[in-house]
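The chain contents come next:
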Amino acid sequence: MYEKVQENIKVLASFSGGSVIPQVLKWAGKTYRIKKVNLAYQEREGKSINYFYSVECSPSGIFKLKYNDIKLIWTLEELWVE
Amino acid sequence: MTNDKKLILHIDMNSYFATVEQQANPLLRGKPIGVQGSQAKRTIIAAASVEAKKFGVKTGMPVHEAKSLCPDIILVVGEPRKYSSVTKKFIEIFGHYTDKVEIFSIDEAFLDVTQTARLFVREKKKEINKKKPFLSVIPAKAGIQQDNKDLDPRVKPEDDKLGDSSFDGAKEIAKRIKSDIRQEIGEGLTCSIGIGPNKFLAKLGSNLEKPDGLVIITPENKDEILLSCKLTDFCGIANHIEKRLNQMEIYMVSDLRKADNWKLRKAFGVYGLRLKRMAWGEDSGEVLDWHFQADAKSFGHSRTLNKNVVQKKELEKQIYLLSEKVAKRMRDEGYFGREVGIWLRFADFKGVGKRRRAHYFINDGLKIYNEAMGILDQIWPAKRAQEFEKAESRSARRASIGIRAIGVYVTSITKNAPLSLFPEDKRDQKILEVMDLVNNRFGEDILLRGKILGFPLKRIVSGMGRKKF
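So the sequences go chain by chain: A and B. Residue numbering for the first sequence follows numbering that gives the first Met the number 0, starting at 0 and increasing by one per position. Residue numbering for the second sequence follows numbering that gives the first Met the number 0, starting at 0 and increasing by one per position.
It should be emphasised that the hints constitute simulated quantities derived from the structure, not laboratory data.
Dumping the calculated DSS-like pairs for lysine-lysine here, alpha-carbon to alpha-carbon at most 25 Å:
| hint | chain 1 | residue 1 | chain 2 | residue 2 |
| --- | --- | --- | --- | --- |
| 1 | A | 63 | B | 88 |
| 2 | A | 70 | B | 81 |
| 3 | B | 88 | B | 177 |
| 4 | A | 35 | B | 87 |
| 5 | A | 65 | B | 88 |
| 6 | A | 35 | B | 88 |
| 7 | A | 46 | B | 81 |
| 8 | B | 414 | B | 425 |
| 9 | A | 35 | B | 177 |
| 10 | A | 34 | B | 88 |
| 11 | B | 229 | B | 242 |
Beta-carbon label-pair distances, calculated as ranges:
| hint | chain 1 | residue 1 | chain 2 | residue 2 | range |
| --- | --- | --- | --- | --- | --- |
| 12 | A | 42 | B | 256 | 47 to 55 Å |
| 13 | B | 235 | A | 15 | 43 to 51 Å |
| 14 | A | 15 | B | 121 | 32 to 40 Å |
Quick reminder that beta carbons are idealized off the backbone N, C-alpha and C, glycines included.
Generate the whole structure from the sequences, applying the supplied hints.
This is the structure:
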């Protein structure tokens, strides 16, 4: 199942060595532990940079997250559940 | 003229867009997927996964054709920016091994490792010696080396065969690049690498083994490989050139080697002689240092329309949006152009196109649009329009004679253009600069031209265009 979500969410992330790695996310009252970052990429939107992460979570699901470096906001963009 | 002392790598990412999507979403892995330009009905397959290719799905194929070949194909809308971002990452990886990296396309690159390959032979040797137990570095005559190699499972027999040849260094670089891509970008991303003494042979090598191949063409084995190739295996010989070669009774590489220079030149011009050099595995092209890439020769964008268009007015919006897109890329890279062209592709896949010279150098979308509309008036197929009037039903008309795709391009470009001295042109240029400043800072489409209000707004997403990384 695929769903386009586009909701701001809470994410616990580690910032180290010039990179940001999401660890845990909270959405719809549920906490998901991020098992693996499958792909990370970025794109410029005007002056800011959006960092995208395709992550595998537990309980199971594939989430696409966006982090905006100016607004300091995490957004859940899309999700896939089998 | 050839230089067989060079060491060139050609790296081709396998089923690139599709593999990136499978990397991002493990639920797509192992399944036939097609990356499409947009969700429009008439879009094409921009990339097919390895699994979809097994069903015969190919890049550039209309989606309906792909579905008929592979009914279970999963279609994913492509994200060009995602692929550009991943491309930047692998270019960074290539930069660890040589400064001579030429980006051939979004998923292909040439690397000249002539100067650096030897370093990696030495490093590999050191690595092997580190891995071996102490006794294994005792000279072989002591009769101990072979036994100890068997004790250490990390030392593979082929590692020990590593000689001083530069090709071994290039092979080591190729292996490390494959491993770096898997570790730093994603384990699902694979590439085929060809190693050769020139760009042509390196590219041929990367095409011979897919996916995840590594083919080395040396001056010693090149004849055997070349003579076993089909003419269309060569980069630069597509079906239409093969057909013309066949008309000259050239069917195989060996025929091309024996072909008469004069006849080839008469048929293909200077390119004919290049074809013959290909048959001998010769290529004098240099890998361009990636900081000094060749300047662009043209800028263009095209779009396959959602439905066949039969009225000239219906094309206005498309031409305007394409013109603005071309102009923005030109301004971003600091170019102006003198010639504007458009092409139309009809429902029967025949086409027509024309270009014309503007009065002065431009990079303004509206001016490109005005020139393009002028060309459209000239090439508008009056005969087809008459057929359209005669056709029985509207749908029959669209199906048979409508316009299926359109493209706008600008050529004769330069970075040092003498600009118009008319005050209104200077004002327009200033307005464009300010618009770009605002849009670059706050995001695309924040400031738009008033003309767009006449058209329903929808961003064109298909097509990657020529991109700098």
